[in-house]
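There are 2 protein chains.
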Amino acid sequence: MKPRNRTTGARLRIVLEPEIALGPGKADLLEEIEQTGSIAAAGRAMGMSYKRAWSLIEEMNVDFGTPLVHTTKGGKSYGGAGLTPTGKKVLTLYRRMEDKAGDAIRGELKALRKLLPDIAD
Amino acid sequence: MKPRNRTTGARLRIVLEPEIALGPGKADLLEEIEQTGSIAAAGRAMGMSYKRAWSLIEEMNVDFGTPLVHTTKGGKSYGGAGLTPTGKKVLTLYRRMEDKAGDAIRGELKALRKLLPDIAD
Numbered sequence: 015m016k017p018r019n020r021t022t023g024a025r026l027r028i029v030l031e032p033e034i035a036l037g038p039g040k041a042d043l044l045e046e047i048e049q050t051g052s053i054a055a056a057g058r059a060m061g062m063s064y065k066r067a068w069s070l071i072e073e074m075n076v077d078f079g080t081p082l083v084h085t086t087k088g089g090k091s092y093g094g095a096g097l098t099p100t101g102k103k104v105l106t107l108y109r110r111m112e113d114k115a116g117d118a119i120r121g122e123l124k125a126l127r128k129l130l131p132d133i134a135d
Numbered sequence: 015m016k017p018r019n020r021t022t023g024a025r026l027r028i029v030l031e032p033e034i035a036l037g038p039g040k041a042d043l044l045e046e047i048e049q050t051g052s053i054a055a056a057g058r059a060m061g062m063s064y065k066r067a068w069s070l071i072e073e074m075n076v077d078f079g080t081p082l083v084h085t086t087k088g089g090k091s092y093g094g095a096g097l098t099p100t101g102k103k104v105l106t107l108y109r110r111m112e113d114k115a116g117d118a119i120r121g122e123l124k125a126l127r128k129l130l131p132d133i134a135d
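These protein sequences, in sequence, are chains A and B.
Just so we're aligned, residue 15 is where the first sequence starts under my numbering, counting upward by one.
Just so we're aligned, residue 15 is where the second sequence starts under my numbering, counting upward by one.
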């Protein structure tokens, strides 16, 4: 995955409650977990320690009062992880918000970039 | 000013170039400077040191290749500051992006908040 966080455009940080926020880092982590089926691999893909990845996941699980990520311990799928239905919903809603916001601000973004020096448009 | 950064809703971080970004902190700082006519007062209103405020301003001035904030030294208006035409344009464009993005994601934001535990809507 190309970390969307490092490409140009609008990044959305959704403040749901004063202490509860969802931004591109958490969204990318959820997406990587869905794609790789592993928290460790997802963290590596994002240049994030396993500990940091887990801490973000725990934060989300607490915020939403239900796990967004499920893990399977033991057996063949040792270490396997994936998104719960709530996790999938959260990720889908966030990506839809990104798309809609991106569409909505296209004109202003262009105008803002034109103010930059030596930027070919 | 109520720091918009601490209210719920969408915060926009606009990545104009890989190393050039504009987010709620810089936008609020520009707005405070416009309202107070003083970098020190603007910084104080945001709980930010004068040094930090200046460093953000210098960053923006370099990014846009032209000052966004003008200062007046000496005379009656000692220490006075305000936005240049470019500074005003940048702030206006950013606020318009916030408004448009906020409108665009209203439905998803509501759906996302409904996933939170014990949140009255």
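Calculated from the structure, these hints are not laboratory results.
Just so it is clear, the structure is predicted and the values come from calculations on it, not from any experiment.
Check the hints yourself; a few may be wrong.
Intra- or inter-copy, both count: the list cannot distinguish identical chains.
When the alpha-carbon atoms are kept at most 25 Å apart in a straight line, the in silico BS3-like pairs for lysine-lysine are as follows [unchecked claim]:
| id | residue 1 | residue 2 |
| --- | --- | --- |
| 1 | K102 | K124 |
| 2 | K124 | K103 |
| 3 | K124 | K87 |
| 4 | K65 | K102 |
| 5 | K87 | K103 |
| 6 | K87 | K102 |
| 7 | K65 | K124 |
| 8 | K128 | K87 |
| 9 | K128 | K65 |
| 10 | K124 | K114 |
| 11 | K114 | K103 |
| 12 | K128 | K114 |
| 13 | K114 | K87 |
| 14 | K114 | K65 |
Results for each hint:
{"no.": "1", "hint": "K102 with K124", "result": "between (32 Å within a copy, 16 Å between copies)"}
{"no.": "2", "hint": "K124 with K103", "result": "between (31 Å within a copy, 13 Å between copies)"}
{"no.": "3", "hint": "K124 with K87", "result": "neither (48 Å within a copy, 35 Å between copies)"}
{"no.": "4", "hint": "K65 with K102", "result": "within (22 Å within a copy, 43 Å between copies)"}
{"no.": "5", "hint": "K87 with K103", "result": "within (24 Å within a copy, 55 Å between copies)"}
{"no.": "6", "hint": "K87 with K102", "result": "within (21 Å within a copy, 56 Å between copies)"}
{"no.": "7", "hint": "K65 with K124", "result": "neither (39 Å within a copy, 31 Å between copies)"}
{"no.": "8", "hint": "K128 with K87", "result": "neither (52 Å within a copy, 30 Å between copies)"}
{"no.": "9", "hint": "K128 with K65", "result": "neither (41 Å within a copy, 29 Å between copies)"}
{"no.": "10", "hint": "K124 with K114", "result": "both (16 Å within a copy, 14 Å between copies)"}
{"no.": "11", "hint": "K114 with K103", "result": "both (16 Å within a copy, 24 Å between copies)"}
{"no.": "12", "hint": "K128 with K114", "result": "both (22 Å within a copy, 19 Å between copies)"}
{"no.": "13", "hint": "K114 with K87", "result": "neither (38 Å within a copy, 45 Å between copies)"}
{"no.": "14", "hint": "K114 with K65", "result": "neither (33 Å within a copy, 37 Å between copies)"}
Hints 3, 7, 8, 9, 13 and 14 from the list above are not met by this structure, while the remaining hints are.
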